[in-house]
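Quick note, the sequence shown lines up with residues 1 to 140 if you use the numbering used here.
These are computed hints drawn from the structure, not numbers from a lab.
One or more of the hints may lead you astray.
Claimed, not checked - Subject to a maximum C-alpha distance of 20 Å in a straight line, what follows is the list of computed SDA-like cross-link-like pairs (lysine to any residue): (1) K124 x D108; (2) K93 x E14; (3) K107 x T29; (4) K100 x D6; (5) K100 x Q7; (6) K93 x Q13; (7) K100 x Q85; (8) K105 x R130; (9) K124 x E134; (10) K107 x N125; (11) K105 x T9; (12) K124 x G46; (13) K124 x G136; (14) K93 x P44; (15) K105 x T138; (16) K100 x T29; (17) K124 x K107; (18) K93 x G136; (19) K107 x Q30; (20) K124 x E102; (21) K124 x P44; (22) K100 x R65; (23) K93 x Q60.
Unchecked claim - Pair by pair, the computed Cβ-Cβ distance ranges are: (24) H64 x T29: 35 to 45 Å; (25) T89 x H64: 18 to 28 Å; (26) R25 x E58: 34 to 44 Å; (27) K107 x S74: 26 to 36 Å; (28) G136 x Q85: 34 to 44 Å.
Glycine is no exception: its CB is placed at the ideal position from the N, C-alpha and C atoms.
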Amino acid sequence: MEERFDQFTERAQEAAVRAYEILQRYGHTQVDTEHLLLALIEQPEGMIPEILEHLGVEPQAVRHRLDQELQSRSRSQIYGGGAAQVYITPKLKRVMDQSKVEASKLKDDYISTEHLFLAIANEKNSAAARVLAEFGLTRP
């Protein structure tokens with residue numbers, strides 16, 4: 001991913017790295033909003049599970065639903081033992097851009113996991129936002 005991570009908090013950087021690891025776990029070649037949302041939910045002692053619980057949503061239920069979504073996608077076939085080229089989807093690029101806007105709105109200097117979460121919820125055409133909507137989490 002070619003994003004400028006110097007604008008991200010340490011936890012947001014960890015989530016981005018974790019999204020790449022999740023991509024590998026599922027055998028995908030495009031990092032998408034669902035990978036990032038799952039990374040945010042799986043983050044040990046992270047804010048996003050706390051936020052979900054505060055909103056009355058069980059983080060493990062969202063995690064399970066994201067797992068189903070990611071498993072339904074085709075796995076890439078990598079031949080010759082080499083690594084496939086990994087791409088960031090246009091949806092995830094928009095989320096990264098929107099996270100900067102979210103940080104600016106809240107007068108924060110750095111992009112945090114909360115800004116990423118808000119931006120994911122804002123990306124209406126993504127499976128991640130649809131999963132959140134299934135749990136009643138939408139943005140006006």
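Consistency of the hints with the structure:
1. K124 x D108: Violated, at about 24 Å.
2. K93 x E14: Roughly 17 Å separates the two Cα atoms, so the pair holds.
3. K107 x T29: 34 Å, violated
4. K100 x D6: 12 Å, holds
5. K100 x Q7: 9 Å, holds
6. K93 x Q13: Holds: K93 and Q13 sit about 15 Å apart, inside 20 Å.
7. K100 x Q85: Roughly 26 Å between the alpha carbons, so the hint for K100 and Q85 is violated.
8. K105 x R130: 24 Å, violated
9. K124 x E134: Given that 20 Å is the threshold and the Cα spacing comes to 13 Å, the pair holds.
10. K107 x N125: Roughly 27 Å separates the two Cα atoms, so the pair is violated.
11. K105 x T9: Given that 20 Å is the threshold and the Cα spacing comes to 16 Å, the pair holds.
12. K124 x G46: 24 Å, violated
13. K124 x G136: 14 Å, holds
14. K93 x P44: 25 Å, violated
15. K105 x T138: Holds: K105 and T138 sit about 18 Å apart, inside 20 Å.
16. K100 x T29: 25 Å, violated
17. K124 x K107: 24 Å, violated
18. K93 x G136: Roughly 24 Å between the alpha carbons, so the hint for K93 and G136 is violated.
19. K107 x Q30: 31 Å, violated
20. K124 x E102: 16 Å, holds
21. K124 x P44: This hinted pair is violated, its Cα atoms lying about 27 Å apart.
22. K100 x R65: 27 Å, violated
23. K93 x Q60: 26 Å, violated
24. H64 x T29: 35 to 45 Å: Since the Cβ atoms of H64 and T29 sit about 24 Å apart, the hinted range of 35 to 45 Å is violated.
25. T89 x H64: 18 to 28 Å: 22 Å, holds
26. R25 x E58: 34 to 44 Å: With Cβ atoms ~22 Å apart, the hint is violated.
27. K107 x S74: 26 to 36 Å: 42 Å, violated
28. G136 x Q85: 34 to 44 Å: Between G136 and Q85, where Cβ atoms are some 37 Å apart, the hint holds.
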